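S.K.: Here are the chains, one letter per residue:
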Amino acid sequence: MNIMMFHLMPYADLDPREAAKYPNSWVTMPNTLYDPLKGADLYNRYLDELEYAEVLGFDGVCVNEHHETPYGMMPSPTVTASALARRTTKARIAILGNALPLRSHPFTVAEEHAMIDNITRGRLISGFVRGIGAEYHAFGINPATSLERFREAHDIIIKAWTEPGPFEYHGKHYNFEYVNVWPRPYQQPHPPVWIPSQGSRETVEFSAHPSRKYTYLQTFSAIAAVKKNLDLYKQVAQGFGYTHHPRQLGWATPLYVSDTDEQAMAECAPHYDFFRNEFLSKIPLEMVMPPGYASAQSAKGIVTAKMAAHEKIDVRRANELGMMTCGSPKTVAETLIRYQDEIGFGNFLAMMQFGTLPAHLTRRSMELFAAEVMPALRKAAKAKFGEFSFA
Amino acid sequence: MTVTRESYAARGCQLSVLRGGAGPRLLYLHGLEASGEAHPFLQSLSESFEVFAPEHPGFGNSADADWLENIHDLAYFYLDLIESFGPEPIHVAGSSIGGWIALEMAVRNTTRIKSLSLAAPAGIYAEGLRRGDIFLWPAEERLRNSYFNQAHAETAIATLDPIGNFDATYKSAVSLARIAWEPRLFDPALKKWLHRVTCPTQIIWGANDKILPPGYAREFAQLIPGSHVEMIPECGHLLALEQSARFTTLVTTFAKAHDQ
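Taken in sequence, the protein lines are chains A and B. Using my numbering, read the first sequence as starting at 17 and increasing by one per residue. Using my numbering, read the second sequence as starting at -9 and increasing by one per residue.
Simulated from the structure, these hints should not be mistaken for laboratory data. Treat each hint with caution, since some may be false.
Here are some chain B residues pointing at chain A (derived, C-beta under 10 Å) [unchecked claim]:
id	residue
1	Pro128
2	Ala129
3	Arg132
4	Tyr160
5	Ala163
6	Val164
7	Leu166
8	Pro173
9	Arg174
10	Pro178
No farther apart than 25 Å at their CA atoms in a straight line, the calculated lysine to any residue pairs in the SDA-like style are these [as the list claims (entries may be wrong)]:
id	chain 1	residue 1	chain 2	residue 2
11	A	Lys37	B	Glu130
12	B	Lys161	A	Pro300
13	A	Lys316	B	Trp127
14	B	Lys161	A	Gln313
15	A	Lys316	B	Thr159
16	A	Lys188	B	Glu172
17	B	Lys161	A	Gln214
18	A	Lys298	B	Asp123
19	B	Lys182	B	Glu78
20	B	Lys161	A	Phe155
21	A	Lys328	B	Ala129
22	A	Lys322	B	Thr149
Computed from a predicted model, the values in this text were never measured in an experiment. The beta-carbon is built from N, C-alpha and C at its ideal position, and this holds for glycine as well.
With the rest of the complex left out, here is chain A (with noise of 0.2 Å):
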């Protein structure tokens, strides 16, 4: 089983009297909330845990993809990733991911991440995504042509990673006399793709594809969607005519360990309702889901959900929910290890850090979880599935 540590980088400093004018955290509250002498500080903070993950072994660290937000700070996790690149050695480094169809030219990302690639001598492991509805706002591009966009980059993408070059590519949105990227990428034929996502019957299609087989992560959902989507891979890889392998499935989750339960649950309580109230939930739903960005059926679901969720969740429901796990290290240990029996998932990402969880607060259950949850974890899985790699 495969155990990372995913990181968001919320500009935890975002001071709550100034938000609190502000109706949306996304795309339009002003970037003078921001101070860069605290966000330089959060940038090396974040990066030392990230690097400090590797030495108390986790298998890999991410980093993900938002732009125009206190949620994120990474409007580019290619320089996240770069900045990791020469700072670790064993960890797997995983970019989940690059807004494709937010970037102008695709072959940016093709060649970005061979050049991480080759660096570490083979640890990346790149995710693609949409980004997003909000991210269309940001950025103008156009969501109405959004799936388009990210099916004809993401082609061009492994083309140019495993086709000779040069050739010629001509498609309704990108149109090249020459693709030949250089570097090629150092894992033959490419690195390892990821594919995070909310959940929807056309991402899990597409990961799953006997072409493909890409891992799909079900992300920041409660933990019956995330069986329910997984299991969806799985039904969808029976009717493509194979079995999945384990390490095609992921669950990426807030995650909090402390000495009882009851002390997890008060430490995090403050920190996780600010990433819940304050980054997460000021979005409406017009940024959420801007027009084309998802099928008109997918569309009247999330928009069917949000109206009818009226539950305010606090960090005890997000909990008995499966949308955060927190506590003693024994309880999140038979937590984490009785999903794992039930769902499967051979990928699990920890984002250890969320809201304004404090240095000190974090670093001390990043430390608890690899001592006393991982090994129990990987034990499980071990009995379970063997031991497996990441491709």
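Fit chain B to the known structure of chain A by using the hints.
M.R.: Same frame as chain A, but now just chain B:
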């Protein structure tokens, strides 16, 4: 006279059209108002004209149009449509994006257009004229910002049914995004060809338009030869709805004056 809804096949696209009345033919190209409704201004126009008011391909009750990628596609589509009506030129009126489509048609070919009435058309960008974000505003805010008289907005808000009307609303929104998301509500190439709009043209604007501010009226007037501006006080972007009688009178008077 009344307009009624019928289905009309044009270039392989099944259009939903509000049609009726007698007199010279008038093509009305809708804007951001509810496109499938027989609004009072369409009924009034049908007193003087044979009104043909389609929902654009990919909008409302008209068929999906997988060929629709940009505003030029709609311009060529409607040029084909009016050519199919026969050799006699017709009057064209358009609101907002409908006015933009009419302008994209006119820079290509004005020989079938007798007169052009543009109600707060989109299509160009002018620095310093702050436009509203129709894609970012929640539905209620968008409606409030569409009218000067907030009683109209409140009436419209009271009938919002996001789930019940989801399919038609989302379909129209996706088609609108296809043509107007980026660049936002304009075509960078249109400005340099507006001198080709040589048919009689009037530009009508609501003085309190929060979506496309009234300063755009002067920009268009400077770019379109011989055009003039009619500014309607106490009126927002949906001016054909908010000042229905005034809009109808302006279009009727102008078109009749140029109906040779």
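S.K.: Against each hint, give a clear statement of whether it holds in the structure.
M.R.: Verification of the supplied hints:
Hint status for proline 128 of chain B: holds, given a least beta-carbon distance of 6 Å to chain A, under 10 Å. Interface hint at alanine 129 of chain B: satisfied, since its Cβ lies 8 Å from the closest Cβ of chain A, which is below the 10 Å cut-off. At its closest, the beta carbon of arginine 132 of chain B sits 9 Å from a beta carbon of chain A; the interface hint therefore holds under the 10 Å criterion. About 5 Å separates the beta-carbon of tyrosine 160 of chain B from the nearest beta-carbon of chain A, less than 10 Å, and the hint is met.
Interface hint at alanine 163 of chain B: satisfied, since its Cβ lies 4 Å from the closest Cβ of chain A, which is below the 10 Å cut-off. Hint status for valine 164 of chain B relative to chain A: holds, with the closest Cβ pair at about 4 Å, below 10 Å. Residue-level restraint check for leucine 166 of chain B holds (minimum Cβ-Cβ distance to chain A is 7 Å; threshold 10 Å). Proximity of proline 173 of chain B to chain A holds as hinted, the smallest CB-CB distance being about 8 Å (cut-off 10 Å).
Interface restraint check: arginine 174 of chain B against chain A, minimum CB-CB distance 7 Å, threshold 10 Å, status holds. Restraint check, proline 178 of chain B versus chain A: the minimum CB separation of about 13 Å is more than 10 Å; hint violated. Distance hint between lysine 37 of chain A and glutamate 130 of chain B is fulfilled; the C-alpha atoms sit about 20 Å from each other, no more than 25 Å. For the hint pairing lysine 161 of chain B with proline 300 of chain A, the CA-to-CA distance comes to about 20 Å; that is within 25 Å, so the pair holds.
About 18 Å separates the Cα atoms of lysine 316 of chain A and tryptophan 127 of chain B, which keeps this hinted pair within 25 Å; it holds. Between the alpha carbons of lysine 161 of chain B and glutamine 313 of chain A the distance comes to roughly 11 Å, so the proposed pair stays at or under 25 Å and holds. Restraint check for lysine 316 of chain A and threonine 159 of chain B: satisfied, since their Cα atoms lie roughly 11 Å apart, inside the 25 Å limit. Distance check on the hinted pair: lysine 188 of chain A and glutamate 172 of chain B sit about 17 Å apart at the alpha-carbon level, within 25 Å; holds.
Restraint check for lysine 161 of chain B and glutamine 214 of chain A: the C-alpha separation of about 23 Å stays at or below 25 Å, so the hint holds. With a C-alpha separation of about 18 Å, the suggested pair lysine 298 of chain A and aspartate 123 of chain B falls inside the 25 Å cut-off, and the hint holds. Taking the CA atoms of lysine 182 of chain B and glutamate 78 of chain B, the gap is about 28 Å. The hint is violated against a cut of 25 Å. For the proposed pair lysine 161 of chain B and phenylalanine 155 of chain A, the alpha carbon gap of about 23 Å is at most 25 Å, so the pair holds.
Among the hinted pairs, lysine 328 of chain A with alanine 129 of chain B is consistent with the structure: their alpha-carbon atoms are about 23 Å apart, no more than 25 Å. For the given pair, lysine 322 of chain A sits about 20 Å from threonine 149 of chain B by alpha-carbon distance, which is consistent with the 25 Å threshold.
Violated hints, in rising order: 10 and 19; the structure is consistent with all others.
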